[in-house]
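2 protein chains.
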Amino acid sequence: MLRSIQFLGSSSSSGFWLFHRLKLHGNQSFISISNKPLSSSRTPLIITSTTARCYRQFRASSIRSDSNLDGTSLLHLHLHLHLQPFDQLTVQGSTRKINFCQLCGGPTKYEIPAGEEKERAICTLCARIAYENPKMVVGCLIEHDNKILLCKRKIQPSYGLWTLPAGYMEIGESATEGAMRETWEEAGAKVQVLSPFAHLDIPLIGQTYVIFLAKMTTPHFSPGPESSECRLFALDEIPFDSLSFSSMLVTLNLYIEDIKVGKPKFHYGIINKRPGTSPSEIHAYTLDYHLRT
Amino acid sequence: MLRSIQFLGSSSSSGFWLFHRLKLHGNQSFISISNKPLSSSRTPLIITSTTARCYRQFRASSIRSDSNLDGTSLLHLHLHLHLQPFDQLTVQGSTRKINFCQLCGGPTKYEIPAGEEKERAICTLCARIAYENPKMVVGCLIEHDNKILLCKRKIQPSYGLWTLPAGYMEIGESATEGAMRETWEEAGAKVQVLSPFAHLDIPLIGQTYVIFLAKMTTPHFSPGPESSECRLFALDEIPFDSLSFSSMLVTLNLYIEDIKVGKPKFHYGIINKRPGTSPSEIHAYTLDYHLRT
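Chains G and C supply the protein sequences, listed in that same order. Residues 1 to 293 in the UniProt record's numbering are what the first sequence spells out, letter by letter. Residues 1 to 293 in the UniProt record's numbering are what the second sequence spells out, letter by letter.
Careful: at least some of the hints might be erroneous.
Simulated crosslink set (SDA-like; lysine to any residue; CA at most 20 Å straight-line) [stated by the list, open to error]:
#1 G:Lys109 x C:Asn99
#2 C:Lys190 x G:Glu117
#3 C:Lys135 x G:Ile98
#4 G:Lys97 x G:Glu111
#5 C:Lys263 x G:Ser195
#6 G:Lys215 x C:Asp288
#7 G:Lys135 x C:Glu116
#8 G:Lys118 x C:Glu226
#9 C:Lys215 x G:Leu291
#10 C:Lys135 x G:Arg181
#11 G:Lys118 x C:Tyr168
#12 C:Lys265 x G:Arg292
#13 C:Lys135 x G:Tyr131
#14 C:Lys118 x G:Pro225
#15 C:Lys273 x G:Gly172
#16 C:Lys263 x G:Pro264
#17 G:Lys215 x C:Thr293
#18 C:Lys97 x G:Ile171
#19 C:Lys265 x G:Pro264
#20 C:Lys265 x G:Leu291
#21 C:Lys135 x G:Gly167
#22 C:Lys135 x G:Leu204
#23 C:Lys109 x G:Ile171
#24 C:Lys97 x G:Glu132
#25 C:Lys97 x G:Leu125
#26 C:Lys265 x G:Leu194
#27 C:Lys118 x G:Glu173
#28 G:Lys97 x C:Ile122
#29 C:Lys118 x G:Ile171
#30 G:Lys135 x C:Gly172
#31 G:Lys263 x C:Leu291
Derived by calculation from the structure, the hints in this document are not laboratory data.
Bound-form chain G, shown alone (with noise of 0.2 Å):
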């Protein structure tokens, strides 16, 4: 799942002091890497993966610093690193910290701004306020030959696991067109929207899922460069126990039921993922404020 991890401490005194690349596996690592000196024991050292979307911000355990004869130092550190899947890491603020401003740069505060009541990151410059809103996930559930259209994921997170084509709505674009647009790049499949079929509200990891009915306009699909396979799967075919995420064992289960008693409804809920539980525990959930139409 992770590629590459780079190490960036900063300094308000000296600037940046340590930029380093080193490639790592595992969830635990001792590295020791040499870079310019070291300004104070207390500067913050900063994580970044670079897999896309795929982050999360970490202090070292440990930090130690030898002096070399050429002035530069050999720092040490002790890493615990716990990376998880992407949908894991938008929790409310917590782990996805605003540190700077992407206007001007400069520092942010956490405070109340006037006149509202939550908590907001707040340049110290330039008093822009940084607002978190949740995201879009659109996709498609393909009908063909009373069978439904599944990619198996050839990426983290849930590798190897079975999902509808779906990923993040992109600016520009409306729902329909990226939920057309991700089933052309995970499945290979050109697609005609019939319906929309369900607005599915993940809370805790600030998350909307909406998915749409479709057909495929040509009887054609392979796979992409982030799926492993394409499979049709009649409805008691379904790999139920192979899914991917709770939205998509959620869309699928409401799809069957709407099947079996007639034709698809139009539904809204809430999922909410049981307090402690991984995000691989794709069954630890309730459906709440279930609406349908």
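Got chain G sorted already, so can you dock chain C onto it with the hints?
Okay, now just chain C, sitting in the frame of chain G:
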């Protein structure tokens, strides 16, 4: 609309050199302000509105610096300000540039990341990619005695015009929770969400409106800080000539059409604003890919 602006200049050689607040009225201003010495005539100037969610980046059209006897400089700026409502400022990255990394504060460059197709702001220090995603605006269409509740806006944009209670969905809440919160904040009404009614994408401004049908749990409402008035309107009394946004016009039209022929459905659609028209021209749109269930 604009309460105040901040003038913030930065220089890589001397750090931030200018930081000044002033009140501003009108779209054009000639000002002279004094502060620390100006290190370079090519120092970029950033102007930021402190009005929440209403900002735009500018450069002054002319900058001249005169040295004073006390070592400070007098800075002459000729500014042409074209400040616009926030819903015009999220257009596909053209006006809302990400200059710095939120995580490490490093400067960004716009490039297409490996394995992707779209240009992104990538941090030149930690390589973090800053993804930009559409924002959800959630609100309620409140039915009461064959009337619906509208709020007269006491804030910009669309000051003095009528809207359904609605606002940005927050991290950590569901769409229904957000819609109920906004209704409480803007209309002082406690409501129960009855069913999803509309999902309307506006790709040009990177927004998705999600509107729910709702009813008041007690028949009380009163304008909140962002509203000057709240009022129940019969369907033939809705002030269509003084509505605030295209999204509200579309929602109310769809609702009236549904009521005429039976009961409300669920609607998906894309509001494509006519190119070259201003946000205040709320009738200048087409409703595309309209799907109903």
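Results of checking the hints against the structure:
1. G:Lys109 x C:Asn99: 19 Å, holds
2. C:Lys190 x G:Glu117: Holds, at roughly 18 Å.
3. C:Lys135 x G:Ile98: Within the cut-off at roughly 18 Å; holds.
4. G:Lys97 x G:Glu111: Roughly 13 Å between the alpha carbons, so the hint for Lys97 of chain G and Glu111 of chain G holds.
5. C:Lys263 x G:Ser195: 19 Å, holds
6. G:Lys215 x C:Asp288: It holds: about 19 Å lies between the C-alpha atoms, which stays within 20 Å.
7. G:Lys135 x C:Glu116: Roughly 19 Å separates the two Cα atoms, so the pair holds.
8. G:Lys118 x C:Glu226: Roughly 17 Å separates the two Cα atoms, so the pair holds.
9. C:Lys215 x G:Leu291: 15 Å, holds
10. C:Lys135 x G:Arg181: 19 Å, holds
11. G:Lys118 x C:Tyr168: 13 Å, holds
12. C:Lys265 x G:Arg292: Since the Cα atoms of Lys265 of chain C and Arg292 of chain G sit roughly 11 Å apart, the hinted pair holds (cutoff 20 Å).
13. C:Lys135 x G:Tyr131: 10 Å, holds
14. C:Lys118 x G:Pro225: Answer holds: Lys118 of chain C to Pro225 of chain G is near 16 Å, not above 20 Å.
15. C:Lys273 x G:Gly172: 12 Å, holds
16. C:Lys263 x G:Pro264: At roughly 19 Å apart (the allowed maximum being 20 Å), Pro264 of chain G and Lys263 of chain C satisfy the hint.
17. G:Lys215 x C:Thr293: 16 Å, holds
18. C:Lys97 x G:Ile171: Within the cut-off at roughly 13 Å; holds.
19. C:Lys265 x G:Pro264: 14 Å, holds
20. C:Lys265 x G:Leu291: This hinted pair holds, its Cα atoms lying about 13 Å apart.
21. C:Lys135 x G:Gly167: 15 Å, holds
22. C:Lys135 x G:Leu204: 17 Å, holds
23. C:Lys109 x G:Ile171: Measuring from Cα to Cα gives roughly 18 Å; hence the hint holds.
24. C:Lys97 x G:Glu132: Status holds; Cα separation ~16 Å.
25. C:Lys97 x G:Leu125: 17 Å, holds
26. C:Lys265 x G:Leu194: 16 Å, holds
27. C:Lys118 x G:Glu173: 12 Å, holds
28. G:Lys97 x C:Ile122: 17 Å, holds
29. C:Lys118 x G:Ile171: 11 Å, holds
30. G:Lys135 x C:Gly172: 11 Å, holds
31. G:Lys263 x C:Leu291: 16 Å, holds
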